[in-house]
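Start from chain A and add chains B and C according to the hints.
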Amino acid sequence: MTVVAAGGGEARAARSERLHLLRRSPSVLIGAGIVLFWVSCAILGNHITPYDPIYDQTQNIFAHPSSAHWFGTDRLGRDVFSRVLAGSRDILLVAPAATLLGTVLGTALGLITGYMRGIVDDVVSRLIDAVLALPLIIIAVTAIAALGTRSAWAVAVVIGLVFTPIIARTVRAAVLAEREQDYIQAAQLRGERSPYIMFVEVLPNVMPLVLVEATVRLGYAIFAVASLTFIGFGIQVPSPDWAVQIFDNYTYVDPNWWTVLFPAAAIASLVVAVNLVSDGIQQAYER
Amino acid sequence: MTRYIVKRLGLALITLVLLSMVVFATAQLLPGDIGRNILGPFAPQSAVDAMNRQLGANRPAVVQYWDWISGVVQGDLGRSLAFQLPIRPILATALGNSLKLALEAFLIVIPLGILGGIAAGLRAGRALDRTVTVGGLSLSSVPEFVSGIVLIIVVGIFLGWLPITAQAPDGAGALTQGRYLLLPAICLALVLFGYIARITRAGVVEALDSDYARTAYLKGLPSNVVIRRHVLRNALLPTIAVVATQIGYLVGGLVVVETLFSYQGIGLLVFNAATKKDYPMLAAGVLVIGIIYLLVTLAADILIAVLNPRIRLGGAE
Amino acid sequence: MSAVAPQPAALEFDALDVAYTVRGKDRQVLRGLTLRVDAGQTIGLVGESGCGKSTAALAAVNYLPRNGKITGGAVRVAGKDVLELGWGELRRLRADSVAMVYQNPGAALNPSIKIGSQVAEAFTVRGVARGEARERAHDALARVQIADPDSVMGRYPHQLSGGMQQRVVIAMALAKDPALLILDEPTTGLDATVEAEVLDLVAQLQAELATSVLFISHNLGVIAKMCSRVGVLYAGRLVEEGPVESVLQDPRHPYTVGLLRCIPRGGVRKDHARLDTIPGFLPSLGAELPGCVFVERCALADERCHAEEPAASVVGPGHETRCWHHDRASELPRAEAADITLRAVDRTAAPVVRFADLGKVFKQHGHDVHALVGVSGEIWPGETLGLVGESGSGKTTLARTLLGIVAASSGGVELDGAALAPRFQKRSPEELRALQIVFQNPDSALNRRHSVRRIILRSLRKLAGLTGAAAEQRMLDLTHSVRLSERTLTQKPSQLSGGLKQRVAIARAFAGEPRLVVCDEPTSALDVSVQAAILNLLVELQADGGVSFLFISHDLGVVRYISDRIAVLYLGRLMELGSAEVVFGGPHHPYTEALLSAVPTVDGGGRERIRLEGDIPSAASPPAGCVFHTRCPRKLGAVCEETEPPLLDAEDGHLMRCHIPLDELRRLQR
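Protein chains in written order, with the numbering used here: chain A, 4 to 290; chain B, 222 to 538; chain C, 2 to 671.
Looking at chain A on its own, in the form it has when it is part of the complex (with noise of 0.2 Å):
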């Protein structure tokens, strides 16, 4: 009796190397290095700045960068530059965690209007479209004035809800597609309900997909979390937070430029990354 040994371990081959290609694509690394230096500085905090960035308040406001201050100073006499190294935390505190909570919970959403369809999914879908008409930030702005706080926390779950129905969606297209491959009929024909369905022979094969929504998402939730702070909602003063530096001192931006200007680069910098590292992560896939 001849027994037919294993062949081909293609996959495996290839997923050595998409790794492979991760690492040398020029996008990712740029990507990947600019989020870790602004993970180290949020770790180090107060240790790397030149100046403390929330107390060192001098008489010196509005100086132009110099020697003694390579950002210059705001409009509290605060050293610009030591402010930008330390802003990158509370951001990376709450963009995540709103990520973090969307992804979660609109991957359950997602699951279960995808496999159950039926009533369930023609009604949550409907709430989810009514929902998704409105731009994101005048979602977040309504419930943050409904709920009647503005703290950083609240920001996150806000955004974290809004977030929900957009995965929420993306999940639910892929769990439809996954419904028609057989092995699904397979573990029906065997009797498993649906909850084991779901979790267990579904959730694997769609998480990919959910990894890569979820980087994507954490840029817009940086991106949003930014925009909100920047009105008035979010993280506070006197945070180093960016977007706090920019709520801060945009009414004297003329002439004072480099009190806004280097928050706003480093922001960007922040969310570029983010999505450089996102795009690569796809492109490997696609490949």
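No lab work stands behind these hints, which were simulated from the structure alone. We put the beta carbon where it would ideally sit given N, CA and C, even for glycine. Hints may contain errors.
[As the list claims (entries may be wrong)] Restraint ranges, calculated between C-beta atoms of paired labels, are given here:
| hint | chain 1 | residue 1 | chain 2 | residue 2 | range |
| --- | --- | --- | --- | --- | --- |
| 1 | B | Gly261 | A | Tyr255 | 55 to 63 Å |
| 2 | B | Ile290 | A | Gly235 | 26 to 34 Å |
| 3 | C | Arg455 | B | Leu234 | 45 to 53 Å |
| 4 | C | Pro618 | A | Arg26 | 54 to 62 Å |
Chains B and C alone, transformed into the frame defined by chain A:
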């Protein structure tokens, strides 16, 4: 086809009704005691009760909702608490402003985005493609207030080419208004360019890789004919859908840009209503934004159905 | 060999090497392909998946995908090197001289442009004026036997059936009176009778226009029917080439020998002999293969084969092969023992499954679609009931109704005499374990993220109620019974080939010791060499355990091999039910007759081709009387149009639904 339109219309209506309920619930019910919210924590309870009675806030939620929605349908959007004026004219002006800005941004970004996407798709994998894709990606990652600030500083302050507020003086002509709106419009265009270019690119690449494009090439058709007649027709359908969703953002999501450029659009109006606890205004404003989005996506769906024979004519015999 | 023809070959591959860049590395797909298609000839190129045959076709028109490149050699069309041509010349070549027809005609047509415009384009590109181009498009469509060209010209591709779409594509291809026609799997996916029509059409047009044809397919029967010469591709190398009769009747390469032994030929059935298989696996794409490409799987291989690439040897007139041991090729040792002893089916026992008067009506766009009408039958323990029929026949619906995936609208199913609930959700665990399924597509049948071990253990738990040590033991037993090595247990499906995945799927289905396993095209997605192994496995499992199969396949040779009895469905109705010998050997129903004549076999010849007019009628509005009368070549007359013939026992359990008496059929079909 007509069945499809009717079905979509029906769905849009249901969504609209749901939207109105969600909006009403959030704006009017969630904050709780409206009278207390307006008068503050120190006002006497009797004054609060009187306020609530006056606003009709002590009635059951369903009744309040019905009152509101029936008013809306007839054109009465209620009365602003902050301005003590009817909401409709204020909202209409703000909406008009937003639409102007949206239009200008649109006129800039749509042609650029689509052309960029087509160019990138046709040269996929090569230098032009990577530039457009990565460049577009980076640009759209930058929050609008960041690019807005950079633009204000560089173009408005350093170079002094364009005004740094968007609101033209009263009575200004269309061209002047356009000039004032140019900075914020560019700012929005930067954000949207990447997004539109990517979707267009993806559509072009998919169409180019398709079997029917192969058939066209192998018929001996020259490249430009294949692209024009065969590829673009099918490639641009997803772009229409995406552009439609972006219009919603362009009309209502511009809180940040309007703040930055001090422009009295509907986004800023809603934001102020939220912070000032002007609930009727908030509800009306949010509803209007939602309606516009739903209308635009409905129009896009119908346009796609018209262009896509599979939807227009139904299945095989 | 005849004297060298004065004109250059219509198509010539000259030591062509092609590689694809995948994930950063170059992978060799074609190795030194040398093949000639002379003027007026039809040459076949046959091989399994990944052999490079489609790449050869694309190279011939210089339309390799973005990541493909020519790494050596040349391709010449009418003497001109295709790869050296400038843009304009290449275009002229494509517009005037070379035409291609592919698989999947629906995708080959632009979904947003009407048929008329697309066909007319083939003319306008050659300079014909608009108005005249439309007229010629009309004629082109008429030439491919489309009944109402004007109506078709005004439609969009998605409004046509698959067969119609392929005719349109052929019309476009032949519109230019090409000197060279390349066909790449043009009939895969089409129903048997439609496939026969399309092939006949191609043959006829080729004869009329004296076009040279390169016909690419994995199906040896089709090649045998259409081509005068054939080349066999394996892992990108042409291992054998010669006249069709010579290669198929006297193959001189171990791969060709093995391939031909895998196919059930000449009416052989499972109780006569086991199918032979080719051990090992197809090499992965672009693998490094010093020496002979086939060496890993060849029983005749020796040191020389591992080290040196075999040179081409002439083994007959116009017949070449690349093998160091071609003289011994026909003595290739069998990979499987030929003998087999099977139990005869005991028909005195009670049937395992009985279905009575099953009917199923679907609602589609407001119409009632009768997918199944009054279908009854039994399946005995240890027997295989083959189910045959084209699209719309209801065979998939019948399988699903038995399993309870769809609920029958009328009639019922019994298991061991007890009625089964119409939907599986309402059936007991014992009933669920008794009826299982093996799916067509092994990629979709297994959860990609679960290891094989987990898949089987879960099945054992749910279907057999086993856990712990007992489950472990049974899992090992199952693994052995489907001939898998224990190493596969820790692997995930994505790491396994199609054949291995299908074995896992079979193991899973057998976890609960089922009474009946529905096999829904279980080998259609597999390569020929793998298919034989799976069929052998199924036969063995049946011999060991007495399980019954409901075997669905469009491949009549395979159905005939494995089935004890065969049921023929047409438009949801049972047309014929009887033992395999009788249903296939005759006398049989006129539909069965036509179906059998339509299928091309490797041994060719024998049957008179019976052409069926028109397409299969829509199930939403079936014809009155006998549903087959609109296409039946033996239609009697008014009685067939008005009265539906009942299903009668014509002779010894051979059921037939036809007004013509059996003896009459016997006489007519002699």
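Outcome of the hint check:
no.: 1; hint: Gly261(B) x Tyr255(A): 55 to 63 Å; in the structure: violated (31 Å)
no.: 2; hint: Ile290(B) x Gly235(A): 26 to 34 Å; in the structure: holds (31 Å)
no.: 3; hint: Arg455(C) x Leu234(B): 45 to 53 Å; in the structure: holds (48 Å)
no.: 4; hint: Pro618(C) x Arg26(A): 54 to 62 Å; in the structure: holds (59 Å)
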